[in-house]
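Trainee: In order, the protein sequence lines correspond to chains A and B.
Going by the UniProt record's numbering, the first residue of the first sequence is number 1, and it counts up by one from there.
Going by the UniProt record's numbering, the first residue of the second sequence is number 1, and it counts up by one from there.
Honestly, the hints are just simulated from the structure, not real lab data.
It cannot be assumed that every hint is accurate.
Given that identical chains are not distinguished, each listed pair holds provided it fits within a single copy or across any two copies.
To be verified - Straight-line Cα separation of at most 27 Å, DSSO-like style, residue types lysine-lysine; simulated pairs:
(1) K24 <-> K188
(2) K127 <-> K57
(3) K2 <-> K39
(4) K57 <-> K39
(5) K17 <-> K62
Protein chains: 2
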Amino acid sequence: MKNNDFQDITFNRHSAKVFDKDVKISNEEMLEMITEATKAPSSVNMQPWRFVVVESKEGKEKLRPLIRFNTRQNDTSSAMILIFGDMKCYEKAEEIYGSAVEKGLMTKDVKKELMDFFMPGYENAPKEKMNDIVKIDSSLVAMQLMLVARQHGYDTNPMGGFEEDKVAEAFGLDPEKYVPVLIVAIGKSDYTAHESVRLDAKDITVFK
Amino acid sequence: MKNNDFQDITFNRHSAKVFDKDVKISNEEMLEMITEATKAPSSVNMQPWRFVVVESKEGKEKLRPLIRFNTRQNDTSSAMILIFGDMKCYEKAEEIYGSAVEKGLMTKDVKKELMDFFMPGYENAPKEKMNDIVKIDSSLVAMQLMLVARQHGYDTNPMGGFEEDKVAEAFGLDPEKYVPVLIVAIGKSDYTAHESVRLDAKDITVFK
Numbered sequence: 001m002k003n004n005d006f007q008d009i010t011f012n013r014h015s016a017k018v019f020d021k022d023v024k025i026s027n028e029e030m031l032e033m034i035t036e037a038t039k040a041p042s043s044v045n046m047q048p049w050r051f052v053v054v055e056s057k058e059g060k061e062k063l064r065p066l067i068r069f070n071t072r073q074n075d076t077s078s079a080m081i082l083i084f085g086d087m088k089c090y091e092k093a094e095e096i097y098g099s100a101v102e103k104g105l106m107t108k109d110v111k112k113e114l115m116d117f118f119m120p121g122y123e124n125a126p127k128e129k130m131n132d133i134v135k136i137d138s139s140l141v142a143m144q145l146m147l148v149a150r151q152h153g154y155d156t157n158p159m160g161g162f163e164e165d166k167v168a169e170a171f172g173l174d175p176e177k178y179v180p181v182l183i184v185a186i187g188k189s190d191y192t193a194h195e196s197v198r199l200d201a202k203d204i205t206v207f208k
Numbered sequence: 001m002k003n004n005d006f007q008d009i010t011f012n013r014h015s016a017k018v019f020d021k022d023v024k025i026s027n028e029e030m031l032e033m034i035t036e037a038t039k040a041p042s043s044v045n046m047q048p049w050r051f052v053v054v055e056s057k058e059g060k061e062k063l064r065p066l067i068r069f070n071t072r073q074n075d076t077s078s079a080m081i082l083i084f085g086d087m088k089c090y091e092k093a094e095e096i097y098g099s100a101v102e103k104g105l106m107t108k109d110v111k112k113e114l115m116d117f118f119m120p121g122y123e124n125a126p127k128e129k130m131n132d133i134v135k136i137d138s139s140l141v142a143m144q145l146m147l148v149a150r151q152h153g154y155d156t157n158p159m160g161g162f163e164e165d166k167v168a169e170a171f172g173l174d175p176e177k178y179v180p181v182l183i184v185a186i187g188k189s190d191y192t193a194h195e196s197v198r199l200d201a202k203d204i205t206v207f208k
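The shape of chain A in the complex, shown without the other chains (with noise of 0.2 Å):
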């Protein structure tokens, strides 16, 4: 049964500080999970998120010492998922293209002409640039997901403090390739969580 009420998903969202750690959430609701967050857009369509799900003793013994001042939601949350950017995601360009025309959602010609008109800016893009691509569409999917967990029971708790420069190692993956973009924490919360003031909108929009 999967709480469906958009307004209690979204504005009852709050970031959870501790976990009730008994609370295990399988590998199967996880994907189902990262299935659903990823239907967030992304720069054509490349979708550069990589998500590792570190859920075991093991895993959650390395990340410990990565994560700064968190380390209560690391001890007691079902899992942290690892949200990174692949900053080589156009490798993957033919294989959604391809999926795209093998579903019959686009012509081998409209393929080719998008690739070709995409390709070279993604192939020979900067590195900053590429990191901004990568970053900003990986969040979108850190926030989608972070509703979606709502859906299925669980709360959340975004970090961006932690060992930047060491995590992708930690877990195994070639740091130049994927950076780490966000960690959230995910399980059910054990937390009496507060409200939090936000700016008025008047004050940041300007109408022009």
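Assemble chain B onto chain A, guided by the hints.
Mentor: Just chain B, lined up with the frame of chain A:
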């Protein structure tokens, strides 16, 4: 009558390339959507997102040459929402945390402790690090904005390809302070969106 069906809002969201030109969104409703979108989380609640809502004929004309191949969205949308990240967002920390104290959500002592803890990091962050933070946080809000728009009955198209080095100045913003993140076209879709493929969750996820 807002749509409150999470499944429909989230999984039937598709990028709209053409909008119904006759649909206008009032400034009041736009601010309501921005208020709802900014319930999204951000690093230490710094809320670095800023919005320029381009809706006038003059604004659209100014934006047109800067958005490259997405002119249909510019010409037909109710508005083009330019989302910027504020590289000096920490200048609002006192306002944000002061307001939390005023509202009884935080004691003065906790406020001081938190600000003493994170402010030096923000004030002294290298440009690349601050760029990452504001782009990640602003992308979280962008995703929530696209979903909130669906709740209000509108469609969106997020766009990353535009003249990033010109858009701030064109709208009177200091380009050193405000970095563009995404442009979100919003309106009522007048476009038959097609399904798009996604990579299999199993192929982009590892469990550790």
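Trainee: Determine for every hint whether it applies to the structure shown.
Mentor: Status of each hint after checking the structure:
Taking the closest pair of Cα atoms, K24 and K188 come within 27 Å of each other only inside a single copy of the chain (9 Å); across copies the shortest separation is 41 Å, beyond that limit. Proximity of K127 and K57 under a CA criterion of 27 Å is satisfied in neither setting, with 35 Å inside one chain copy and 36 Å between copies. In this assembly of identical chains, K2 and K39 lie within 27 Å of each other by CA distance both inside one copy and across copies; the values are 18 Å within and 22 Å between. Taking the shortest alpha-carbon separations for K57 and K39, neither the intra-copy value of 30 Å nor the inter-copy value of 33 Å comes in at or below 27 Å.
In this homomeric assembly, K17 and K62 come within 27 Å of each other (Cα to Cα) only inside a single copy, at 19 Å, whereas the closest approach across copies is 45 Å.
Checked against the numbered hints given earlier, the structure breaks hints 2 and 4 and satisfies all the rest.
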